[in-house]
Amino acid sequence: MNGLALTLVVWAALGLELSLRRVLALGDGGIAPSFVACVVAWMAVFLPAKQARWWALGVGLVLDLLSPLPLSGGFAGHAAGPWALGLLAANEIVLALRPMVMRRSPVAFGFLAAVVGASAGLVVVFVMVLRGALFDDLAWSPAREAWVRIASSLYTGVVGLLLSFGLLPLADLIGIAPASPLISGRAARNMQ
Amino acid sequence: MPSRGFSRAVWLFPACVGACAVLALAVPSRRQAWMRAPAQLVELLVAPVSGPVSRLCAWVSPRPAPAAPGRLGELEQENAELRTQLLAASAENEHLRGLLSQARVLAAQGAVGVDQLPAPVIGASADLARPTLTLRVGTRDGAEPGTVATVSFVHLLGRVADARPRSCTVLPITARASGDLDAVIMRSGAPLRTRLSPAGDGTLVGDVEDKRDGAGEPVLPGVGDEVRLRDSVRWPASAQMLLIGRVEAVEPSPKQPLRKIVRVRPVVGDLLRVGEVVLHLTPAGSRTRTAGAEEGP
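Top line first, the protein sequences correspond to chains A and B.
My numbering applies: residue 36 is where the first sequence begins, and numbers increase by one.
My numbering applies: residue 2 is where the second sequence begins, and numbers increase by one.
The reader is advised that the hints may include incorrect statements.
Unchecked claim - Quick look at which bits of chain B chain A covers, simulated, 3 or more residues with Cβ under 8 Å:
id	region
1	11-21
2	54-60
3	213-219
4	265-278
To be verified - Here are a few chain A residues that sit away from chain B, every Cβ distance over 12 Å (derived from the structure):
id	residue
5	L132
6	M137
7	S140
8	A143
9	V193
10	A212
These are calculated hints, taken from the structure and not from any lab test.
The beta-carbon is built from N, C-alpha and C at its ideal position, and this holds for glycine as well.
Next comes chain B alone, as it looks inside the complex (with noise of 0.2 Å):
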């Protein structure tokens, strides 16, 4: 027996690590969707250490979104929002107007109900290269893949990327992993479409559109302008409009030196360091605009 309790000794470690090496070098995730079970039992184990920590420094560190405090802190945030539904229902009566003509309205897209769910952020991704955050809302709340994830009800943070019952993990428009996303850039009188992509340092980066005003001069974004969600394809119509950020700076492009491009800076700064998140729940079936559309003749 001694012999036998020495070979399981000598081989288990060598096999354990062949294991990893194996997990690591030869098997896609997709193929590790076992692995969503453990990892919700550990972030369950971490979260007394983790949520604490995050809560104290969320209360120490200054608000990522600051707002002036009392009746004139609560009449901006009002007055926030209510601009983010105003833009959201002018930018879906635009689209419907364009479906009108072309004879291609849908019945079943009304006015889509939004829940908004608050749920405070108990961590991190441990590797801040690959930047997620942790929420303790999950299935049993609502919570899917897809699901939109604000601060304070208009800045636009991200989307849901993994949603177990209890917790989920919010991908950030700024991490590279998010893909592009269309937007506008809120002129007056002649809004600027751009397609941003992440780069990689807390910025989107994209091309501006080539627009002229009535007299034919070229119309240019200006820094401090606001960027604004305007995506259908891939975003939700509960999303439309919502505040991506403003432009900190205006280049000439470099592949095109007559066109500009923009660098958008989220409004919150730094979207991993946010201490709460404001979910947008909708009724299943009305996740895209696109969706119906696409499941039509």
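Next up, chain A with everything else stripped away, as it sits in the complex (with noise of 0.2 Å):
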């Protein structure tokens, strides 16, 4: 695997996920797709398990890093967590549902970002809402964030379709897929 072209990858999802996403949200209510949900499932479905976590963890904690928390008074805060697990739980998800997918077939990869996208959202309100309950004075409407993150994952789940094109080819170029396609189930768990 070539750890390098890997970090490459992820980069150039952060970068659009700070720009293009907000230029291809529908209307004003915050649709929008995401990069780096794709790249996550992307991870999860070529990567060994084992380095497909560290990979969410770490993409988590940056995407952390690049949200920042409006506070009630027009302040901005941060916190570490939300997206780490987050994303920790959608790879898990997808590790659970990769052997039972053709890793290879777009629909597959743009079915597996969509749910990326809705199980890191709703594991982000989930924390926000308990954090919201807990301690920060934070402006916001649960139900509505759910629905908003939910039509998000379906948006996320489209453009996932298409970079599908581009990620499942470079897989190969960079050395993460596996050596058979044909290898799943659980030989393929045995394999990891």
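Since each chain sits alone in its own frame, please combine them into the complex, following the hints.
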């Protein structure tokens, strides 16, 4: 596996997340695709489970650093953990699902990207609701946030389907794809 | 030694996950101020991708505040700026007249010099449900928390929520966390006061005051009316009378059917899609007009 190439892919996804995402947003409600969710799904599909978990945790922590937390009164703070936990949980779901899907199918990849977006988003909403109830004074509407994240995950699925035409060949190029796509199920799990 | 290495490998990942869980669920954000330094580092690392893509998107997508081309556009822009300055001066005069009548004028409340600093947008929050913009100016350029941010000098965008040495975070007025703001709806002859709250969909909603003209007829807001900031308590003098947007809809208030509520949409559209922002830098100590008054006896 080429770790540097993987880092560059994550770096590009984070850059697009901060710039292109707001341009692709539908209306003013914040429904937008997540490039990071697509890349996390891609890594969870192809990387060994242990490495995928570390990458998901790391990318989640970086996303926490890039997501200032608007507090009541017009100030911004930071909270480490919500996205790290969210992407880790999403990664586990994909790890559980990947023996059951065709890894090289664009449709399956779009589905998994949507699963990552939805599950990570819902974990973030859950964590933020707890934070709001316990100590942080957040201006939040949990029901609306959950709806926005679920709608965004569907959008992420569509974008993931399109990105799969680049990401799936890239997995071979940088050497993270398994040697044989025919090995799946219990045999693939044993290989990890 | 292998057993020690094995032990570290086994415990390191659960320890990291546990640390994340503790930080996420048990540590308030005010105790995580140490994250500003790594956040700035990550922003700088990601900026070589997000900055050029943001500029490309701003170039490809239509300008948020479309102006007529050539000389006509320049005149329209100049007209908008002069109109904002005139209204701000009128508001300042009215405020000072009020203070004079109460004999509470402070000598320090003179005209406030404002430096305008254009700042490119290099990114937005990764989480659009918590909308913020990241600008490539920071405390070394004069930006600080509370600095007013505008688009094209006259359209109110929001305020700086957090400032680092080389970058800062702006919270738009349409974000829920930015809170309420007092404003006036510019009806000819009879401006109407309103208190606007972010609706969460890119608009602001608020009740309109009940006002009647000389004949006793109610003065009602109309669709398309300009709405400008008039909030000397929460916003500095340099932000007064900046354009918030235009009235998009007028509806009966659900709480008081005889009164109206207005829905206001910023003229520049989606505030998260702007490519360049202008910061209004004011000298230290003149942030808010009321700050001096509060410090008095």
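_A cut-off of 12 Å on Cβ-Cβ distance, and A:L132 was said to be off the interface with chain B. Does that hold?_
holds, 20 Å
*Per the stated criterion, does the least C-beta distance between A:A212 and chain B lie above 12 Å, as a non-interface residue requires?*
A:A212 clear of chain B: closest Cβ-Cβ about 24 Å, beyond 12 Å.
_Cβ contact check, 8 Å cutoff: the region 11-21 of chain B against chain A, three residues minimum_ = holds (count 4)
_If we take the beta carbon of A:S140, is the closest beta carbon in chain B still more than 12 Å away?_
holds, 28 Å
_Just want to verify: A:A143 was marked as not at the interface with chain B; is every Cβ pair farther apart than 12 Å?_
Answer for A:A143: holds, closest chain B Cβ roughly 26 Å.
*Since A:V193 was said not to touch the interface, does its Cβ keep a gap of more than 12 Å from each Cβ of chain B?*
holds, 17 Å
*asked:* How does the region 265-278 of chain B fare against chain A when you require at least three residues with a CB closer than 8 Å, holds or violated?
replied: holds (count 3)
*Are there at least three residues in the region 213-219 of chain B whose beta carbon sits under 8 Å from a beta carbon of chain A?*
With 0 residues closer than 8 Å to chain A, the region 213-219 of chain B misses the three-residue bar; violated.
*Within the assertion that chain A covers the region 54-60 of chain B, do at least three residues meet a Cβ-to-Cβ distance smaller than 8 Å?*
holds (count 3)
_Distance rule for A:M137, whose beta carbon must clear each one in chain B by more than 12 Å_ = holds, 29 Å
Hint check: a violation occurs at hint 3 only; the rest are consistent with the structure.
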